[in-house]
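Undergrad: All the letters of the sequence shown, read from the start, carry residue numbers 183 to 585 under the working numbering.
Don't read these hints as lab results, they were simulated from the structure.
Don't take every hint at face value.
[As the list claims (entries may be wrong)] Listed next, the in silico DSS-like pairs over lysine-lysine satisfying Cα-Cα at most 27 angstroms (straight line):
no., residue 1, residue 2
1, Lys485, Lys459
2, Lys357, Lys500
3, Lys411, Lys459
4, Lys486, Lys203
5, Lys237, Lys411
6, Lys360, Lys332
7, Lys187, Lys444
8, Lys459, Lys512
9, Lys459, Lys444
10, Lys411, Lys452
11, Lys332, Lys357
12, Lys452, Lys546
13, Lys187, Lys203
14, Lys203, Lys357
15, Lys546, Lys310
16, Lys357, Lys441
17, Lys452, Lys514
18, Lys285, Lys302
19, Lys452, Lys203
20, Lys360, Lys486
21, Lys546, Lys302
22, Lys236, Lys203
23, Lys302, Lys237
24, Lys486, Lys459
25, Lys302, Lys332
26, Lys237, Lys294
27, Lys459, Lys332
28, Lys444, Lys485
29, Lys500, Lys514
30, Lys332, Lys294
31, Lys332, Lys310
32, Lys500, Lys486
[Said to hold, decoys possible] Listed next, with one range per pair, are the computed distances between beta-carbon atoms:
no., residue 1, residue 2, range
33, Ala547, Ser218, 47 to 53 angstroms
34, Ala361, Lys310, 50 to 56 angstroms
35, Ala547, Arg507, 39 to 45 angstroms
36, Ala210, Leu445, 21 to 27 angstroms
37, His399, Asp225, 39 to 45 angstroms
38, His208, Lys512, 47 to 53 angstroms
39, Pro214, Tyr242, 32 to 38 angstroms
40, Gly363, Asn517, 40 to 46 angstroms
Ideal Cβ placement from N, Cα and C applies to all residues, glycine included.
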Amino acid sequence: MSNQKFNDIQMGTKTVWAGEKEVLVHGASQVPVVVSVAYTYDDMDAWFDVATGKKPGHIYGRNTNPTVQAFEDKVRVLENAEAATSFSTGMAAISNVLHTFLKPGDRVVTIKDTYGGTNKIFSEFLPKLNIEVTLCNTGNHEEMEAEIAKGCTIVYLETPTNPTVKITDIERMAKAGKAVGALVVVDNTFATPINQNPLQLGADLVLHSATKFLGGHADALGGVVCGSKELVEQIYHYREINGATMDPWAAYLLLRGMKTLKLRVEQQAKNAMALAKYLEQHELVEQVFYPGLETHVHHDIAKKQMRGFGGMLSFSLKGGMDTVRVVLPKLKYANRAANLGAVETTYGPARTTSHVECTVEERKALGIPEGLVRLSAGIEDTEDLIADLEQAFQSLSQASLRG
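Let's have the full structure, built from the sequences with the hints guiding it.
TA: Listed below in structure tokens is the structure:
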């Protein structure tokens with residue numbers, strides 16, 4: 183179904199209906215899981231036309247799949263894009279985009295506060311290919327504009343960032359990138375299409391780790407990229423040859439999860455704001471990072487380009503990891519895990535989640551304290567999550583008294 187057919191309906195309705203009708207069969211109301219690796223044709227000319235892209239259809243599972251296509255179409259509509267293509271993981275989406283458009287001698291301008299795996303690509307892998315990467319201080323737009331003006335192939339943004347939840351002005355950086363002919367790529371995983379649409383702010387490509395908020399149930403890996411048909415076709419070609427294909431069962435699970443995306447994200451944002459306000463006033467907390475707080479350094483930018491502030495925050499505790507080791511195990515309604523965006527609230531130190539690949543020195547250079555805790559708010563009742571934190575902090579006080 184085209185984007186035009188969804189222009190007059192709201193985001194919540196899009197999450198339920200977009201991308202699905204075309205692949206329904208036998209009167210089913212739900213998208214089927216098509217596990218066939220190959221598709222048979224009696225007409226040799228029709229087969230050739232599908233294989234060469236002249237007509238729609240499927241020939242081989244590494245290339246396309248009906249269930250996967252439905253997932254891609256749903257995200258495409260939510261991001262108001264011409265096209266979308268998917269991947270086996272979020273990191274596959276990121277690396278495929280970069281390798282599609284970069285060659286030796288090219289230059290990337292990005293920020294320091296990207297996800298740890300992304301940062302590794304920039305600091306370790308791309309330099310080996312003779313690709314220059316300039317890491318700018320996140321939020322210093324003047325510095326980034328100056329570096330972009332020197333010339334680059336890609337401007338890569340992640341906003342909000344993982345795990346420090348910093349914000350970059352997408353529209354401003356897109357303008358700077360286009361002035362030098364650079365592609366502007368935005369990781370929109372934390373915000374989700376419910377809260378932010380980078381393409382409408384001037385970005386060329388928007389990507390997601392679908393494993394996180396899009397799926398929402400911590401049971402399927404996936405990644406997706408949206409943008410113009412011309413750009414996405416180039417990324418798809420790289421992916422179909424290199425093979426980071428999304429599994430149809432994962433696509434089904436992601437589709438099912440996305441039906442409740444708007445409802446989940448709204449409750450997660452409500453919980454995140456309440457938790458951030460609670461943590462901000464607690465005597466054991468050094469600092470809270472959440473763009474919805476007026477004290478956040480980039481609150482005004484977030485307010486301008488986001489419709490909601492999302493379900494992610496982070497905070498640092500007095501006493502660092504010694505305090506974290508006591509508080510986190512005491513939480514009753516939380517997973518302590520390297521994931522985010524799920525219906526369950528999830529806590530985890532950055533050193534074992536987003537930036538586990540980095541050394542202590544590398545995390546320090548990125549402004550990530552060893553005791554920084556990433557908090558992904560779930561959909562539980564707000565009062566219960568706050569009470570759970572309160573009892574965990576009380577256990578720390580009691581432990582201190584006993585000591």
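Undergrad: All hints, please: hold or fail.
TA: Tested hints:
The straight-line distance between the Cα atoms of Lys485 and Lys459 is roughly 17 angstroms, inside the 27 angstroms bound, and the hint therefore holds. Distance restraint check for Lys357 and Lys500: the Cα-Cα separation of roughly 41 angstroms exceeds the 27 angstroms cut-off, and the hinted pair is therefore not satisfied. Distance restraint check for Lys411 and Lys459: the Cα-Cα separation of roughly 43 angstroms exceeds the 27 angstroms cut-off, and the hinted pair is therefore not satisfied. Restraint check: the Cα-Cα separation between Lys486 and Lys203 comes to about 35 angstroms, which exceeds 27 angstroms; the hinted pair is violated.
For the suggested pair Lys237 and Lys411, the alpha carbons sit about 16 angstroms apart, so the restraint of at most 27 angstroms is met. Simply put, Lys360 and Lys332 have alpha-carbon atoms about 13 angstroms apart, close enough for the 27 angstroms limit, and the pair holds. Pair hint Lys187 plus Lys444 holds up; C-alpha atoms about 19 angstroms apart against a cutoff of 27 angstroms. This hinted pair checks out: Lys459 and Lys512 have alpha carbons roughly 21 angstroms apart, not beyond 27 angstroms.
Using a Cα cut-off of 27 angstroms, the hinted pair Lys459 and Lys444 holds, with the two alpha carbons roughly 23 angstroms apart. Straight-line distance between C-alpha atoms of Lys411 and Lys452 comes to about 36 angstroms, which puts the hinted pair past the 27 angstroms bound. The straight-line distance between the Cα atoms of Lys332 and Lys357 is roughly 14 angstroms, inside the 27 angstroms bound, and the hint therefore holds. Simply put, Lys452 and Lys546 have alpha-carbon atoms about 31 angstroms apart, too far for the 27 angstroms limit, and the pair is violated.
This hinted pair checks out: Lys187 and Lys203 have alpha carbons roughly 12 angstroms apart, not beyond 27 angstroms. A threshold of 27 angstroms between alpha carbons decides the hint, and for Lys203 with Lys357 the separation of about 37 angstroms lies outside it, so the pair is violated. A hinted pair counts as satisfied when its Cα atoms are at most 27 angstroms apart, and Lys546 with Lys310 qualifies at roughly 23 angstroms. Using a Cα cut-off of 27 angstroms, the hinted pair Lys357 and Lys441 is violated, with the two alpha carbons roughly 34 angstroms apart.
For the given pair, Lys452 sits about 20 angstroms from Lys514 by alpha-carbon distance, which is consistent with the 27 angstroms threshold. Proximity of Lys285 to Lys302 is assessed by CA-CA distance (about 18 angstroms); at most 27 angstroms being required, the pair is judged to hold. Between Lys452 and Lys203 the CA atoms are separated by roughly 32 angstroms; this puts the pair beyond 27 angstroms, and the hint is violated. Between the alpha carbons of Lys360 and Lys486 the distance comes to roughly 21 angstroms, so the proposed pair stays at or under 27 angstroms and holds.
The hinted pair formed by Lys546 and Lys302 meets the criterion: a straight-line CA distance of about 15 angstroms does not exceed 27 angstroms. A threshold of 27 angstroms between alpha carbons decides the hint, and for Lys236 with Lys203 the separation of about 22 angstroms falls inside it, so the pair holds. Between Lys302 and Lys237 the CA atoms are separated by roughly 40 angstroms; this puts the pair beyond 27 angstroms, and the hint is violated. The hinted pair formed by Lys486 and Lys459 meets the criterion: a straight-line CA distance of about 21 angstroms does not exceed 27 angstroms.
Of the supplied pair hints, the one linking Lys302 and Lys332 holds, its CA atoms being roughly 23 angstroms apart against a limit of 27 angstroms. For the given pair, Lys237 sits about 43 angstroms from Lys294 by alpha-carbon distance, which is inconsistent with the 27 angstroms threshold. The hinted pair formed by Lys459 and Lys332 fails the criterion: a straight-line CA distance of about 41 angstroms is larger than 27 angstroms. With a C-alpha separation of about 19 angstroms, the suggested pair Lys444 and Lys485 falls inside the 27 angstroms cut-off, and the hint holds.
Straight-line distance between C-alpha atoms of Lys500 and Lys514 comes to about 21 angstroms, which keeps the hinted pair within the 27 angstroms bound. Using a Cα cut-off of 27 angstroms, the hinted pair Lys332 and Lys294 holds, with the two alpha carbons roughly 18 angstroms apart. Our distance criterion of 27 angstroms between C-alpha atoms is met by Lys332 and Lys310, whose separation comes to about 22 angstroms. Pair hint Lys500 plus Lys486 does not hold up; C-alpha atoms about 32 angstroms apart against a cutoff of 27 angstroms.
At roughly 49 angstroms, the beta carbons of Ala547 and Ser218 sit within the given window of 47 to 53 angstroms. Distance hint for Ala361 and Lys310: a CB-CB separation of about 29 angstroms, inconsistent with the stated range 50 to 56 angstroms. Range check, Ala547 to Arg507: Cβ separation about 24 angstroms, and the 39 to 45 angstroms hint is violated. The beta-carbon spacing between Ala210 and Leu445, approximately 23 angstroms, falls within the hinted interval of 21 to 27 angstroms.
Our hint of 39 to 45 angstroms for His399 and Asp225 holds, since their Cβ atoms are close to 41 angstroms apart. Range check, His208 to Lys512: Cβ separation about 51 angstroms, and the 47 to 53 angstroms hint holds. Distance hint check for Pro214 and Tyr242: the Cβ-Cβ separation is about 18 angstroms, which falls outside the suggested range of 32 to 38 angstroms. At roughly 44 angstroms, the beta carbons of Gly363 and Asn517 sit within the given window of 40 to 46 angstroms.
In the structure shown, a violation is registered for the earlier hints numbered 2, 3, 4, 10, 12, 14, 16, 19, 23, 26, 27, 32, 34, 35 and 39, in ascending order.
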